[in-house]
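Undergrad: The listed protein sequences derive, respectively, from chains A, B, W and C.
Under the working numbering, the letters of the first sequence match residues 1 to 370, in that order.
Under the working numbering, the letters of the second sequence match residues 1001 to 1370, in that order.
Under the working numbering, the letters of the third sequence match residues 2001 to 2370, in that order.
Under the working numbering, the letters of the fourth sequence match residues 3001 to 3370, in that order.
No wet-lab data here; the hints were simulated from the structure.
All values reported here derive from a predicted model rather than from experimental measurement.
Every residue gets a Cβ at the ideal spot worked out from N, C-alpha and C, and that includes glycine.
One or more of the hints may lead you astray.
Listed next, the in silico DSS-like pairs over lysine-lysine satisfying Cα-Cα at most 30 Å (straight line) [to be verified]: (1) K24(A) x K190(A); (2) K2310(W) x K2290(W); (3) K290(A) x K345(A); (4) K1345(B) x K345(A); (5) K1290(B) x K1345(B); (6) K3053(C) x K190(A); (7) K3190(C) x K3024(C); (8) K3290(C) x K3345(C); (9) K1190(B) x K2053(W); (10) K3184(C) x K3096(C); (11) K3190(C) x K53(A); (12) K3345(C) x K2345(W); (13) K3290(C) x K3310(C); (14) K2190(W) x K1053(B); (15) K2190(W) x K2096(W); (16) K3053(C) x K3024(C); (17) K2184(W) x K2053(W); (18) K1096(B) x K1190(B).
One side of the interface only, derived from the structure: several residues of chain C facing chain A at Cβ under 8 Å [to be verified]: (19) R3004; (20) M3069; (21) E3072; (22) R3195; (23) T3216; (24) N3220; (25) M3298; (26) S3299.
Number of protein chains: 4
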Amino acid sequence: MDHRGPEFGRLGGEILEGLREVFKTSGPVIIYPASGTGAWEAALVNTLSPGSKVLMFETGHFATLWRSMAGELGLQVDCVATDWRRGADPAIVEAKLREDSGHEIQAIAVVHNETSTGVASRIGEIRRAIDNAGHPALLLVDTISSLASIDYRHDEWGVDVTVAGSQKGLMLPPGLSFNAVSEKAIAASKSAQLRKSYWAWEPMLNANRNGFFPYTPGTNLLYGLREALLMLREEGLENVFARHARLGEAARRAVRTWGLEILCANPAEYSNSLTAVRVPDGYNADELRKVILENFNMSLGNGLGRLQGKVFRIGHLGDFNELMLAGTLCGVEMGLSLYGVPFSKGGVAAALEHLEQTATAQSAVTQGVA
Amino acid sequence: MDHRGPEFGRLGGEILEGLREVFKTSGPVIIYPASGTGAWEAALVNTLSPGSKVLMFETGHFATLWRSMAGELGLQVDCVATDWRRGADPAIVEAKLREDSGHEIQAIAVVHNETSTGVASRIGEIRRAIDNAGHPALLLVDTISSLASIDYRHDEWGVDVTVAGSQKGLMLPPGLSFNAVSEKAIAASKSAQLRKSYWAWEPMLNANRNGFFPYTPGTNLLYGLREALLMLREEGLENVFARHARLGEAARRAVRTWGLEILCANPAEYSNSLTAVRVPDGYNADELRKVILENFNMSLGNGLGRLQGKVFRIGHLGDFNELMLAGTLCGVEMGLSLYGVPFSKGGVAAALEHLEQTATAQSAVTQGVA
Amino acid sequence: MDHRGPEFGRLGGEILEGLREVFKTSGPVIIYPASGTGAWEAALVNTLSPGSKVLMFETGHFATLWRSMAGELGLQVDCVATDWRRGADPAIVEAKLREDSGHEIQAIAVVHNETSTGVASRIGEIRRAIDNAGHPALLLVDTISSLASIDYRHDEWGVDVTVAGSQKGLMLPPGLSFNAVSEKAIAASKSAQLRKSYWAWEPMLNANRNGFFPYTPGTNLLYGLREALLMLREEGLENVFARHARLGEAARRAVRTWGLEILCANPAEYSNSLTAVRVPDGYNADELRKVILENFNMSLGNGLGRLQGKVFRIGHLGDFNELMLAGTLCGVEMGLSLYGVPFSKGGVAAALEHLEQTATAQSAVTQGVA
Amino acid sequence: MDHRGPEFGRLGGEILEGLREVFKTSGPVIIYPASGTGAWEAALVNTLSPGSKVLMFETGHFATLWRSMAGELGLQVDCVATDWRRGADPAIVEAKLREDSGHEIQAIAVVHNETSTGVASRIGEIRRAIDNAGHPALLLVDTISSLASIDYRHDEWGVDVTVAGSQKGLMLPPGLSFNAVSEKAIAASKSAQLRKSYWAWEPMLNANRNGFFPYTPGTNLLYGLREALLMLREEGLENVFARHARLGEAARRAVRTWGLEILCANPAEYSNSLTAVRVPDGYNADELRKVILENFNMSLGNGLGRLQGKVFRIGHLGDFNELMLAGTLCGVEMGLSLYGVPFSKGGVAAALEHLEQTATAQSAVTQGVA
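Bound conformation, chain A alone (with noise of 0.2 Å):
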């Protein structure tokens, strides 16, 4: 389809608007032929000059690749260091940003779920944290595997930028990313000195205002993002969320029967999108995951960075269900036992009966219409 044609800007300006109600914002979507690294890097060239503080947590190996990512386009990077077991801690945000009375802190940036820790930074709280200081910062989020499967909300939780890629909830392929802006990201464009062009918003907005693109857009994966939105819809954003938390849940209480570890270490902060499990000291999370891939033909995540060898990483985000889960822990706890660690069997059961439960209610409805 010529990408320079009306039907072509009909299509476009169909997903510009749908991906509103996803990002929960009333503003603009900017949507880039890139995978999500590229929104990363859009999201700092945009708002940001050379030498502009950043706050940033380092919650995990993204963050640290984004945190890398600043310092290479010449930020200067104030990086909160953590455990890798929980999320950017709101309490020093506040801290942090009362300290800077002179405002130098420009951005905030945070990982809103970090993948490689299964750890949900508690975004709503991070604002308040903003709002308390007084601090006029910019809040930038990375919501690549956490947009359309964990509750996310751009406007009411006033985030400045929110990154997004197309390969997580939104069940595409990779090769788009997204930055969702706000009209003070927006402004705060117009005198951001850091280079850009491929990235720049401006041509992009002004592009998309009639539903087209300053250049080549990923024609293909548009067509899959108006189907993917439109599933979205069908289900209902807020039952796609119900059903991320109904299953973390489940695979939560498997990890706990089996007397593993979750490395999430805050139950408020826990990911519904995937959950990373400790081995017990002396074992190899990535020989245990190759027991597995050969047995069972399943690819567990592995542990990324400071974590590798250390972690699994269960992944239950996008188009996932009650037996897709159900199976995935059953290759586990096959797994665990084929690889010799020490574990309790059970784990299994205990999700069924988490999952068992939770459904009743809507069986015995749907029993009675029958």
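Dock chains B, W and C against the given chain A, drawing on the hints supplied.
TA: For chains B, W and C alone, coordinates are given in the frame of chain A:
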């Protein structure tokens, strides 16, 4: 693609050759653009004449349908009743044939794997029974739900016509069906008097010699068939059978642990393609299936014919692996509980134990390699 | 998808309803998982008895095949020969039926659009001929290459069984075929004595009432069929016919300009689906086709049966438009020259002139809108 | 597929190796999940520093966009204007470089095939000009619409960075883009000061060594790319170039016969990917395009930038053959007539004559074989 052109002829030749491996025959395999029911008709009309006597076994719903078809086509059927819990009895075959000193019985038609009951008749033993009786009857076998899932040997077992379809072990959509034919069957077709045109073997065999077909073939499915044959060859047919045997055993262990009854009464006839499970008296299998469909989005096979409401069927054939089976069994276990059938939990655990134990050797090897 | 489940029933119901529009009938349309040849067999075995007399016309290769099938099924065929350059003659129909005062002729079977010759028999006039003769014979019509391409009216023309397939005007792969049936045909089926099972209408009509099928249907193609019906409705059936009429006329003008002979001898019977063209004596159409295939990667239809080597066929049916036809004609014009057939250039130009002239009005309108 | 697993590494390795043939380089080719515009940015930010001087040629719309990008990124561009009817002039390159005795010019950036004008700059001659001047500037070349369509030689022509995309000669959807890089370019990247992260070569080259990527790659398109590379190898790159050359010449003969003007003023610079055609003064190319779109459902390329309304563009690149070109030219010829541009008919005939003549030899051979 032009189905009269040279490129198509090459495709046809390749597929017709490759199919022989799957049926384990050195003879021709005929492909119909039709579903499996059509290949039943083809087997009968090519080998028999009006009023021909056929020995059949009412081993389940599909056997009953094939018997009805035989009647509709003007054959005289001697149908041995069963309780739908066992296969065709080789002893009865032998006795019936011994009695038939005038050789009036022209064919014995047996369903190898009865999809409605999860019972696999012992075709090799039936062959021996025929030989013991020294009877010239043709042996016609339906392998619609067993070919490329359960061990089957057209030549070795002296089968005259093997009936099969595309949508089970060949992992394709429905729309192609097959007759593998022995020389004896072809000889019989020369004098068979039932009227035929679409199903006639002779023009098929003539055109197939160059990879062509006497009328428009199911071109798109033939491309898929080429791919399916490659996949089966890559895995190895014996490995495919072993995989299904292992999955079938795991499913049966789950059922036994639940305290439910496997419909198939004779362990020597357990089907490795699917397991039919009886629900206790006073419970309705279709209501159970509805609970599972509505809560876990899984559609189990229903009880067909006289089994309606009395059984549900767990399929484990085709492109199926350990964790898909595990997920399926989890769905059943939760459904049994939600619906309120009296049963013992632990079926999933029993299945996992079997899968794990039978996986150990392989795992040890692969770990050694690592 | 489970072809016994409620969702499938809705799909089936929607398709069975939508097909009526395409056949222009208020009666049922039966769908077979089979290619068109199967639907020929279905039309005969459901309405006739061994030895029934059928009037047929040998209008070309496919009519000959249908006639052979009728013989194989045990019917007594009175086949009117033709020179393969014209359709079934309504005057002969009337004369034959008037002669048949004992009403021994039970059916008249006509190929609407003979794919081998590019001749479209005049079904409406044949209907009138039957009525003029006051004869009760059934009218069976093959529309495999005309349905949804050339005007066709099952009810208005009093056709009793219309035979069709999926792979031409319905723009699908081969694998589905159809019988649209009149009340009179259904009544005849109650007493028809030809043996049938796979093709039997009664179980089909019974199961179809709820959108289901008595045996495994061609599920994947049914999804495609739903889409095809939507596309036809969107364009409008009369517009589809007009498109093909315009393309057919352009093709014929090209042929005439080249100085070649259109095989169809009667302009009232030109097919708008395809044009068969005679090559001059001393030239071989198959060599010409080979030159075109090898130089321009285009496979033209070959001469079938007695026309082998004497004609080539230009298809212009289904999802076909002006520039696809233009490209096709360019390939033929270059091929004629390369192969060395004596001809006049300018065929393409003549076709373009026609296409341009018949486009003018529409263009004027659209320009006015611009 | 897990883009960190061993199977993916094999795919990556195979593609990265195969791409070298297409660029005709023994050096690395970097793949970005981005459209072609991103690869422009990558070429600049990896090799240059803020304020670096770049020599560019405003040969058309895309050259203008690349120049704007260079400005946005903080480079100092010396842009040689043209009339948009010719390529980058090697004589000017040589003169400019000779003048630049201080070697301030760090790069020369040229669009090989300007998609907006149908002009192909002579990269080999530009290389010689640089060498004649004895100047060390890097040579950056955009081949987005020429790679795998028009002869191109990264190594032989001493190109330092070749920019390409997936959606033209590689016959894929948009979404992947490329930088083929020389050793000199890599050396330059060590000291280049423009800020970069997503586009940075170094982490790409490091990860690529094992077939991996430093961030999520465009997995689905990579599968397509493997297929595209196989197709190109099967046809043979030189045959691909010859095919486009033949189609391009046929298109130009049509344009000349119509009496219209080919935009490209220098026959040595005709593009074999596309032909831009000027409409006579007083006529609007966009109205002509609209007539053709509405009447014949064909979307011609529009005039971009300063050429808006003045030219239309006939594409003949990628998976394109004789009859597709013929159909396209037929659409243009009819459209010219309908819209009322003064022109001479016969363009299609002239194109066919060329295609036929250049086909003769091959045809003779194949006929001999038959």
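Undergrad: The structure should be examined with respect to each hint, and the outcome stated for every one.
TA: Here is how each hint holds up against the structure:
{"no.": "1", "hint": "K24(A) x K190(A)", "result": "holds (24 Å)"}
{"no.": "2", "hint": "K2310(W) x K2290(W)", "result": "holds (14 Å)"}
{"no.": "3", "hint": "K290(A) x K345(A)", "result": "holds (20 Å)"}
{"no.": "4", "hint": "K1345(B) x K345(A)", "result": "holds (14 Å)"}
{"no.": "5", "hint": "K1290(B) x K1345(B)", "result": "holds (20 Å)"}
{"no.": "6", "hint": "K3053(C) x K190(A)", "result": "holds (26 Å)"}
{"no.": "7", "hint": "K3190(C) x K3024(C)", "result": "holds (24 Å)"}
{"no.": "8", "hint": "K3290(C) x K3345(C)", "result": "holds (20 Å)"}
{"no.": "9", "hint": "K1190(B) x K2053(W)", "result": "holds (26 Å)"}
{"no.": "10", "hint": "K3184(C) x K3096(C)", "result": "holds (21 Å)"}
{"no.": "11", "hint": "K3190(C) x K53(A)", "result": "holds (26 Å)"}
{"no.": "12", "hint": "K3345(C) x K2345(W)", "result": "holds (14 Å)"}
{"no.": "13", "hint": "K3290(C) x K3310(C)", "result": "holds (14 Å)"}
{"no.": "14", "hint": "K2190(W) x K1053(B)", "result": "holds (26 Å)"}
{"no.": "15", "hint": "K2190(W) x K2096(W)", "result": "holds (26 Å)"}
{"no.": "16", "hint": "K3053(C) x K3024(C)", "result": "holds (28 Å)"}
{"no.": "17", "hint": "K2184(W) x K2053(W)", "result": "holds (17 Å)"}
{"no.": "18", "hint": "K1096(B) x K1190(B)", "result": "holds (26 Å)"}
{"no.": "19", "hint": "R3004", "result": "holds (7 Å)"}
{"no.": "20", "hint": "M3069", "result": "holds (4 Å)"}
{"no.": "21", "hint": "E3072", "result": "holds (4 Å)"}
{"no.": "22", "hint": "R3195", "result": "holds (5 Å)"}
{"no.": "23", "hint": "T3216", "result": "holds (4 Å)"}
{"no.": "24", "hint": "N3220", "result": "holds (4 Å)"}
{"no.": "25", "hint": "M3298", "result": "violated (10 Å)"}
{"no.": "26", "hint": "S3299", "result": "holds (5 Å)"}
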